[in-house]
Amino acid sequence: MRLVFGLVLLVGLGLAGFAVYMAQGYISQYQVALAQEKSARANQIKLTEIYVANRALAYGETFTLEDATLVKWPAEVVPEGAFATEDELFPEGAENARTVLRPIEANEPLLAIKVTAPGEDAGITSRLSKGMRAFAISVDVKSGVSGFLRPGDRVDVYWTGSVRERAKVTKLIEAGVRLIAVDQTADENRSSPAIARTVTVEASPRQVAALAQAQSTGQLSLSLVGAQDETVSSAVEIDQNQLLGIEEEQKVVEAAKPEVCTIRTRRGSEVLEIPIPCTN
Numbered sequence: 001m002r003l004v005f006g007l008v009l010l011v012g013l014g015l016a017g018f019a020v021y022m023a024q025g026y027i028s029q030y031q032v033a034l035a036q037e038k039s040a041r042a043n044q045i046k047l048t049e050i051y052v053a054n055r056a057l058a059y060g061e062t063f064t065l066e067d068a069t070l071v072k073w074p075a076e077v078v079p080e081g082a083f084a085t086e087d088e089l090f091p092e093g094a095e096n097a098r099t100v101l102r103p104i105e106a107n108e109p110l111l112a113i114k115v116t117a118p119g120e121d122a123g124i125t126s127r128l129s130k131g132m133r134a135f136a137i138s139v140d141v142k143s144g145v146s147g148f149l150r151p152g153d154r155v156d157v158y159w160t161g162s163v164r165e166r167a168k169v170t171k172l173i174e175a176g177v178r179l180i181a182v183d184q185t186a187d188e189n190r191s192s193p194a195i196a197r198t199v200t201v202e203a204s205p206r207q208v209a210a211l212a213q214a215q216s217t218g219q220l221s222l223s224l225v226g227a228q229d230e231t232v233s234s235a236v237e238i239d240q241n242q243l244l245g246i247e248e249e250q251k252v253v254e255a256a257k258p259e260v261c262t263i264r265t266r267r268g269s270e271v272l273e274i275p276i277p278c279t280n
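Residue 272 in our numbering sits at position 272 of the sequence shown, and the numbers go up by one each step.
Be careful, since some hints might not be right.
[Claimed, not checked] Label-pair ranges, simulated between beta-carbon atoms:
1) Glu88 <-> Gly176: 44 to 52 Å
2) Gly123 <-> Arg197: 37 to 45 Å
3) Val163 <-> Pro118: 47 to 55 Å
4) Glu247 <-> Thr279: 19 to 27 Å
5) Tyr26 <-> Glu86: 34 to 42 Å
6) Val141 <-> Leu47: 29 to 37 Å
7) Thr125 <-> Pro74: 45 to 53 Å
8) Ser162 <-> Leu272: 53 to 61 Å
9) Glu237 <-> Thr69: 28 to 36 Å
[Stated by the list, open to error] Straight-line alpha carbon distances no greater than 25 Å define the calculated DMTMM-like cross-link-like pairs of lysine to aspartate or glutamate that follow:
10) Lys114 <-> Glu165
11) Lys130 <-> Glu174
12) Lys130 <-> Glu165
Note that these hints are calculated values from the structure, not bench results. Beta carbons are placed, not taken as given, at the ideal position from N, Cα and C, and that holds for glycine.
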């Protein structure tokens, strides 16, 4: 009897130990899973919603709410000027379409800088930065970079002329000026070259005055700046002598001789010159 009781007790202790072991394993697995879930939530990227174009939009094209899609976007990297609500995109109602100022690819965020206000067209005034003015410069095939200029490019402006009957000189007067129109087009997506007769640049009021004075007193030429070139051009001025390496002769200025005053006096048959102090 005692033997049976001992066996039962031994089996019971074994089962109890096994149950404790299984419970500990389950609790450990639960704690690991809970920690993993907390870690995943901590590393989860916070999202917000913004509008993107659901198709490619070209310059000058109008678009409505049907051309936009609301998508999830990482909240920490939302582009400046993005639209998050329908009221922001079309505050005056969906019937007032916006116009595209710069080409927009499919699934690209719609930004305020790339579209006009609701109901406005893509005129030059909508392309001017705050405080800037539009100024037209007359060009030809030589001064206009052989027709390869297009809106959005940046150019250096050179003036060639003469001052006070001196030899002609060429001078850089404005650097990195942005073109906003070529002839009557402001389309930045234009790729084919065309010989322009006028280009319109964006300039400050002071730059406009300088360009107007330069255009009326000499000839303006444009030099195209590379798309990725951030170099700021320094002052440049060259005349014909510098171009050909001719050095002007330096005029030798003789030192003024000291003024000597004398009087003449006769002594017998001899005439003598006697120096005296000079008086005014």
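Discussion item. Which constraints among the numbered hints does this structure fail? Numbers only, ascending.
Written reply: 1, 2, 4, 5, 6, 7, 9, 10, 12
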